[in-house]
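The listed protein sequences derive, respectively, from chains Y and A. Take 1 as the starting number for the first sequence in full-length UniProt numbering and just add one per residue. Take 1 as the starting number for the second sequence in full-length UniProt numbering and just add one per residue.
No lab work stands behind these hints, which were simulated from the structure alone. Just so it is clear, CB atoms sit at the ideal spot from N, CA and C, and this is done for glycine as well. Accuracy of the hints is not assured; some may be wrong.
What the hints assert, rightly or not - Straight-line alpha carbon distances no greater than 25 Å define the calculated SDA-like cross-link-like pairs of lysine to any residue that follow: (1) A:K177 with A:S263; (2) A:K247 with Y:P72; (3) A:K247 with Y:R99; (4) A:K247 with Y:E58; (5) A:K247 with A:A169; (6) A:K177 with A:P162; (7) A:K247 with A:N76; (8) A:K247 with Y:T62; (9) A:K247 with Y:P89; (10) A:K177 with A:N76.
Stated by the list, open to error - Pair by pair, the computed Cβ-Cβ distance ranges are: (11) A:R373 with Y:G43: 40 to 46 Å; (12) A:D252 with Y:M45: 53 to 59 Å; (13) Y:L69 with A:R110: 40 to 46 Å; (14) Y:P96 with A:A366: 39 to 45 Å; (15) A:G171 with Y:M45: 41 to 47 Å; (16) A:D77 with Y:M45: 35 to 41 Å.
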Amino acid sequence: MPPVRGSRRGAAGVVASGVLALTCAAAPAAEDDWARTYFLEGGAMPACGICHSLDAAEATGTVGPDLDLLEPTEQQVYLALRDGVGVMPAFSEELPEDRLRALADYVARAVQE
Amino acid sequence: MLDELKVKRRHFLVGAAGAAGAAALGDAGVRAARAQEASGLPDYVSWKEPGAFIQHSPQTLETMRGEIGLSPLTPNDLVFVRNNLPSLTEEQVGDPEAWEVNVEGVAQPRPITLAELRTLGPETVACVLQCSGNGRGFFEHETSGSQWLTGAAANVSWTGVPVRTVVEAMGGVDGDKSFMTGTGGEPIPEGLDPLTVIVERSVPLEAQEVALLAWEMNGEPIPLAHGGPVRLVLPGYYGVNNVKHLKRLSFDETQSQADIQRSGYRVRPVGESGAPDQPSMYQMNVKSWVTHPLREAGTGRTQIWGVALGGTEDLDRVEVSTDGGETWEEARFVGPDLGRFAWRPFVLAADLAPGTHRIASRATTASGAAQPRDFEPNHRGYGHNGWDAHAVDVTVQ
Numbered sequence: 001m002p003p004v005r006g007s008r009r010g011a012a013g014v015v016a017s018g019v020l021a022l023t024c025a026a027a028p029a030a031e032d033d034w035a036r037t038y039f040l041e042g043g044a045m046p047a048c049g050i051c052h053s054l055d056a057a058e059a060t061g062t063v064g065p066d067l068d069l070l071e072p073t074e075q076q077v078y079l080a081l082r083d084g085v086g087v088m089p090a091f092s093e094e095l096p097e098d099r100l101r102a103l104a105d106y107v108a109r110a111v112q113e
Numbered sequence: 001m002l003d004e005l006k007v008k009r010r011h012f013l014v015g016a017a018g019a020a021g022a023a024a025l026g027d028a029g030v031r032a033a034r035a036q037e038a039s040g041l042p043d044y045v046s047w048k049e050p051g052a053f054i055q056h057s058p059q060t061l062e063t064m065r066g067e068i069g070l071s072p073l074t075p076n077d078l079v080f081v082r083n084n085l086p087s088l089t090e091e092q093v094g095d096p097e098a099w100e101v102n103v104e105g106v107a108q109p110r111p112i113t114l115a116e117l118r119t120l121g122p123e124t125v126a127c128v129l130q131c132s133g134n135g136r137g138f139f140e141h142e143t144s145g146s147q148w149l150t151g152a153a154a155n156v157s158w159t160g161v162p163v164r165t166v167v168e169a170m171g172g173v174d175g176d177k178s179f180m181t182g183t184g185g186e187p188i189p190e191g192l193d194p195l196t197v198i199v200e201r202s203v204p205l206e207a208q209e210v211a212l213l214a215w216e217m218n219g220e221p222i223p224l225a226h227g228g229p230v231r232l233v234l235p236g237y238y239g240v241n242n243v244k245h246l247k248r249l250s251f252d253e254t255q256s257q258a259d260i261q262r263s264g265y266r267v268r269p270v271g272e273s274g275a276p277d278q279p280s281m282y283q284m285n286v287k288s289w290v291t292h293p294l295r296e297a298g299t300g301r302t303q304i305w306g307v308a309l310g311g312t313e314d315l316d317r318v319e320v321s322t323d324g325g326e327t328w329e330e331a332r333f334v335g336p337d338l339g340r341f342a343w344r345p346f347v348l349a350a351d352l353a354p355g356t357h358r359i360a361s362r363a364t365t366a367s368g369a370a371q372p373r374d375f376e377p378n379h380r381g382y383g384h385n386g387w388d389a390h391a392v393d394v395t396v397q
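Start from the sequences and build out the full structure, keeping to the hints where you can.
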C-alpha cells in the first residue's frame with residue numbers, strides 16, 4: 001500500500017481511500033512513493049513540504065497555501081511546478097517533464113482523499 | 001476531467017471571449033467556484049464583504065466585477081487581496097506605533113518607527129492598486145497562478161509620509177544610487193534560502209519622487225491583510241512593488257537578488273523562463289473595463305458603467321462600444337478627478353434593442369496611449385489591457 005494511502009486517518013478516510021484505490025489504480029505505487037518522498041525531502045530545490053501543508057504526506061509548511069484546502073487540479077499543480085507562482089520557484093529545471101507530471105498527479109489525488 | 005476543463009476553457013475563450021463573468025471562464029471559473037463553495041472567507045480577511053469575492057486561494061481574493069460601482073474609491077472591505085506570503089498577525093506585529101522601518105543607503109541610515117513617521121509631514125494620494133496578473137484569465141495560453149479577470153484592482157486613498165521627506169530627514173541619498181528597494185517583514189521559515197521567498201522589490205530610483213510610507217488606507221489604519229502597519233506605496237506601479245509590512249527601505253546601486261526580483265515578475269515570450277534582463281513589472285498601462293451591466297439589461301435606456309485608469313498619466317477619454325468595437329461613443333467621467341494615478345468611473349447612456357450586445361470600453365491617456373484591441377501574450381500572463389478580451393456580452397430581453 002503506497003504511503004499516501006497508508007497515512008490516512010479516520011473512518012471516512014478508509015472509505016475514501018477504497019474509492020481512490022479503485023479509480024486511480026493506474027498510478028503505480030512506486031511513482032507515488034517517489035512523489036511523496038520528493039514532496040517531503042526535495043532535491044537541490046527546497047521541498048514542497050517546507051512551504052505547503054499536505055495531510056497525505058504529513059507536511060505542515062505554511063509559506064504557501066494549504067494544498068488540502070486549495071484542492072488544486074492536476075493541471076493547476078503541473079503549471080505551478082513548471083512555471084512557479086509568486087514566490088514559489090519553478091521546478092522545471094530540476095525535474096524532467098514526467099516527474100513534474102507524476103508529482104502533479106500525486107498531489108491532485110492526495111488532496112481529493 | 002482534465003480534458004474536460006481544457007475543452008471548456010478553449011470553448012469559452014473562442015466562443016465568448018468577453019466572458020460574462022467568472023463562472024463562464026472554464027478552468028479559472030471552475031477553480032474559483034469550487035474554492036468559494038468550500039468555505040467563507042479565511043480568518044485573516046473575515047471582515048471583508050462576504051459574497052463579493054472570488055477566492056482563488058486563501059491568499060488571493062478577487063473582487064467580483066459587478067462589485068465596483070461609481071464611487072471613485074474602493075471601500076476596504078471590497079479591496080482584493082493578494083499576498084505573496086501569509087499576512088502578518090497582530091501578535092507578530094506587536095505595538096504598531098513601535099514598528100520600525102530600517103532606512104539604508106542614505107547619509108544617516110537608521111531605523112524609524114511608525115510613531116516618528118507620523119511627526120514628518122503627511123500626504124494623501126489616491127492611486128490604483130493592481131496586481132500584475134490582473135486579466136491573466138483572459139489570455140488563451142495556460143498560465144500558473146490565480147486566473148484573475150478584472151478584480152485584482154482597486155482605487156485606494158493612502159495616507160503616509162513621502163519617501164523624499166524621510167530621505168531628506170536622513171541627509172539625502174548617499175552617493176550614486178540607481179534603485180530603491182523595499183523589503184517585507186514576513187518571517188522566513190528555517191531551511192529556506194531567504195532569497196527564494198523574501199518579498200523584496202527594487203524599483204528605479206526616480207520612484208522615490210512619488211513613493212509614500214503609508215499607514216492609512218481609505219482613512220483607516222492599513223489592515224494587516226493589506227500590509228499594515230506600514231506599507232510602501234508606489235503610485236503608478238503594479239501591486240507587487242508596493243511592499244507590505246515594510247521592514248527595510250534602502251537605496252542601492254544594484255537590484256535585489258531575491259527571486260521575486262531576479263526571475264519573478266519579468267515579462268517574456270510564452271515558453272521562456274524569467275531572467276533579470278527582461279522587463280520587470282513596474283509601471284501600469286492604460287486600461288478600462290465595464291462593470292455594469294455584465295450579463296443582462298432591460299430594454300430602453302441603460303446606463304453603462306465602468307472604470308478607467310491612465311497608469312501613470314492623466315486620462316484624456318474613455319469610449320464605449322455596444323457593437324463589439326465597430327463604433328465607439330465617448331463616455332462621461334463621473335465624480336472627482338483624484339489625479340493621474342487614480343482611476344475614474346465613467347458612464348454612457350445607451351438605448352439597447354433586444355438581442356445580444358458586445359459592450360467594450362477603450363481608454364486613451366493625455367499623451368495618446370490607448371488600449372489595444374488585443375494584447376500580446378506573455379509567459380506569466382501579466383499586464384493585459386486589450387479591450388476586446390475585457391468586453392462583455394449583454395443580453396437584452
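Hint check:
1. Note on K177 (chain A) and S263 (chain A): the hinted pairing holds, with a Cα-Cα distance of about 22 Å set against a maximum of 25 Å.
2. A hinted pair counts as satisfied when its Cα atoms are at most 25 Å apart, and K247 (chain A) with P72 (chain Y) does not qualify at roughly 33 Å.
3. Between K247 (chain A) and R99 (chain Y), the direct Cα distance comes to roughly 38 Å. Violation of the 25 Å bound is thereby established for this hinted pair.
4. Restraint check for K247 (chain A) and E58 (chain Y): the C-alpha separation of about 33 Å exceeds 25 Å, so the hint is violated.
5. Distance hint between K247 (chain A) and A169 (chain A) is fulfilled; the C-alpha atoms sit about 18 Å from each other, no more than 25 Å.
6. The straight-line distance between the Cα atoms of K177 (chain A) and P162 (chain A) is roughly 18 Å, inside the 25 Å bound, and the hint therefore holds.
7. The straight-line distance between the Cα atoms of K247 (chain A) and N76 (chain A) is roughly 23 Å, inside the 25 Å bound, and the hint therefore holds.
8. For the hint linking K247 (chain A) to T62 (chain Y), the alpha-carbon distance of about 21 Å falls within 25 Å, and the restraint holds.
9. This hinted pair checks out: K247 (chain A) and P89 (chain Y) have alpha carbons roughly 23 Å apart, not beyond 25 Å.
10. As the CA atoms of K177 (chain A) and N76 (chain A) are separated by approximately 35 Å, the hinted pair breaks the 25 Å bound.
11. For the pair R373 (chain A) and G43 (chain Y), the beta carbons lie near 45 Å from each other, so the given range of 40 to 46 Å is met.
12. The hinted range of 53 to 59 Å is not satisfied by D252 (chain A) and M45 (chain Y), whose Cβ atoms lie roughly 27 Å apart.
13. For L69 (chain Y) and R110 (chain A), the hinted distance range of 40 to 46 Å is satisfied, since their beta carbons lie about 42 Å from each other.
14. Between P96 (chain Y) and A366 (chain A) the C-beta distance comes to about 51 Å, which lies outside the given range of 39 to 45 Å.
15. Taken as a hint, the range 41 to 47 Å holds for the pair G171 (chain A) and M45 (chain Y), whose Cβ atoms sit roughly 43 Å apart.
16. Checked against the given bound of 35 to 41 Å, the beta carbons of D77 (chain A) and M45 (chain Y), roughly 38 Å apart, stay inside it.
When each numbered hint is compared with the structure, violations occur for hints 2, 3, 4, 10, 12 and 14.
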